[in-house]
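Residues per chain, in single letters:
2 protein chains.
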Amino acid sequence: MPQGKPETVPDDGLTTRQRRRQPVLAVHTGQGKGKSTAAFGMALRAWSAGWPIVVYQFVKSPKWKVGEEAALRALGETGKGGHVTWHKMGEGWSWIQRPGTERDHAAEAAEGWAQIKRDLAAESYRFYVLDEFTYPMKWGWVDVADVVATLRDRPDGQHVVVTGRDAPAALVDLADLVTDMTKVKHPMDAGRKGQQGIEW
Amino acid sequence: MPQGKPETVPDDGLTTRQRRRQPVLAVHTGQGKGKSTAAFGMALRAWSAGWPIVVYQFVKSPKWKVGEEAALRALGETGKGGHVTWHKMGEGWSWIQRPGTERDHAAEAAEGWAQIKRDLAAESYRFYVLDEFTYPMKWGWVDVADVVATLRDRPDGQHVVVTGRDAPAALVDLADLVTDMTKVKHPMDAGRKGQQGIEW
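Those protein sequence lines, which keep their order, are chains B and A.
By UniProt numbering, the letter at position 62 of the first sequence is numbered 62, and the numbering carries on one by one without gaps.
By UniProt numbering, the letter at position 149 of the second sequence is numbered 149, and the numbering carries on one by one without gaps.
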């Protein structure tokens, strides 16, 4: 239950208003459910604030996010809030003109990150979901030090949420908001498979 | 990263298809961020599946969810997915004709729960978010044993997500999916207050 009372007031010379405007870097990690789901939930607030939103989906399993994609695209199309842009690595990235070709996943992940860097530099969006972006870092496809330096030095006013298990320590150190989604119990433990409407 | 592979297959005589159709009771608890946010993220999938959705907001702090409410209402109004109904305890509950009067919170919470019981019995919705519903249970305003028995025996096909800290053990025992949102780091630790678009 949010209380809205900071425990300490930092000695950074900023007013509360200035501090409120600081962009947030959030990390949703851990073994449990809800990492991506909570990021998409945050996108609802960003949409409502009228912010341009972009989602980069870094793991090739398109089935798992089709509900969120359809919903956020539909929201974007209402014209009542922020625009929504959605890029999927598994389909060759939306900005690339030759989708569908089977390519090297490491190269594809690196291309995704290069585009994120361009977007941040150009201030193309105000709310970024880098979904399952911890995995290309973990697998060495994207350089963690480059990610940390880029996010640290990004132009002002751009909020970023990174999701995925095993977030690198340097990213956790940099982040403002880190939540570990801890699995207590999961239907798959009891032999249930995922179902439409709940799992995708 | 979802794998979709159950670790065990239960000896319950159900086919995978039947098991997939079992309604889910999920609990998002813990001290960290993302409990409600992930529930609203799940609502995106439910909307996309065309399911009627209802949200019951049990704690009086309307400022904190206005973004999600606006977004989910806007989605419901597109007519492309499920309908969305949103009830707020803090405003006297939407189905009550005399909103705005200052009333006893315990009685109001009990009225909310009574309406949920009616909705479940009538199968009014397919996806229920009982937001911050752990608190009225914790404070003794709603009887935990009644909640557990009602949710256990609810008519089929109705998915329920309960959010809030300190979920009662009996509810956790009953639930299919329990995630503890564990706080690793939060901007308020560094003296930042919440900001629009991120916190509400």
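Hints are computed from structural coordinates only; laboratory data are not their basis.
Some hints could be false.
No copy is singled out in the list; a pair is fine if it fits within one copy or between any two copies.
In the DSSO-like style, the derived pairs of lysine-lysine whose C-alpha atoms are separated by at most 27 Å in a straight line are [to be verified]:
#  : residue 1 : residue 2
1  : 60        : 117
2  : 60        : 88
3  : 117       : 185
4  : 80        : 185
5  : 183       : 80
6  : 138       : 80
7  : 60        : 138
8  : 138       : 183
9  : 138       : 117
10 : 138       : 185
Is it within a copy, between copies, both, or neither that the alpha carbon of residue 138 lies no farther than 27 Å from that of residue 80? For residue 138 and residue 80, the Cα distance exceeds 27 Å both inside one copy (38 Å) and across copies (38 Å).
Between the shortest in-copy and the shortest cross-copy C-alpha distance, which are at most 27 Å for residue 183 and residue 80: within, between, both, or neither? For residue 183 and residue 80, neither the intra-copy (36 Å) nor the inter-copy (33 Å) Cα distance is at most 27 Å.
Using 27 Å as the alpha carbon limit, work out where residue 80 and residue 185 are close: within a copy, between copies, both or neither. neither (38 Å within a copy, 33 Å between copies)
Checking an output row: residue 60 and residue 88, CA cutoff 27 Å. Within, between, both or neither? Only inside one copy: residue 60 and residue 88 sit 8 Å apart there, 39 Å across copies, limit 27 Å.
Given identical chains, is residue 138 near residue 183, meaning Cα to Cα at most 27 Å, within a copy, between copies, both, or neither? both (21 Å within a copy, 22 Å between copies)
Is it within, between, both or neither when you check residue 60 against residue 138 at 27 Å Cα-Cα? For residue 60 and residue 138, the Cα distance is within 27 Å only inside one copy (16 Å; across copies 42 Å).
27 Å Cα cut-off: does residue 138 pair with residue 117 within a copy, between copies, both or neither? Classified as within: same-chain Cα gap 19 Å, cross-chain 46 Å, threshold 27 Å.
My question is about residue 138 and residue 185: at a cut-off of 27 Å on alpha-carbon distance, are they close within one copy, between copies, both, or neither? Close inside one copy (25 Å) and across copies (21 Å); limit 27 Å.
When no copy is named, should residue 60 and residue 117 be tagged within, between, both, or neither for a Cα gap of at most 27 Å? This pair counts as within: shortest intra-copy Cα distance 21 Å, inter-copy 41 Å.
Within, between, both or neither: how does the pair residue 117, residue 185 come out at a Cα-Cα threshold of 27 Å? Close across copies (25 Å), not inside one copy (37 Å); limit 27 Å.
The structure shown violates the earlier hints numbered 4, 5 and 6.
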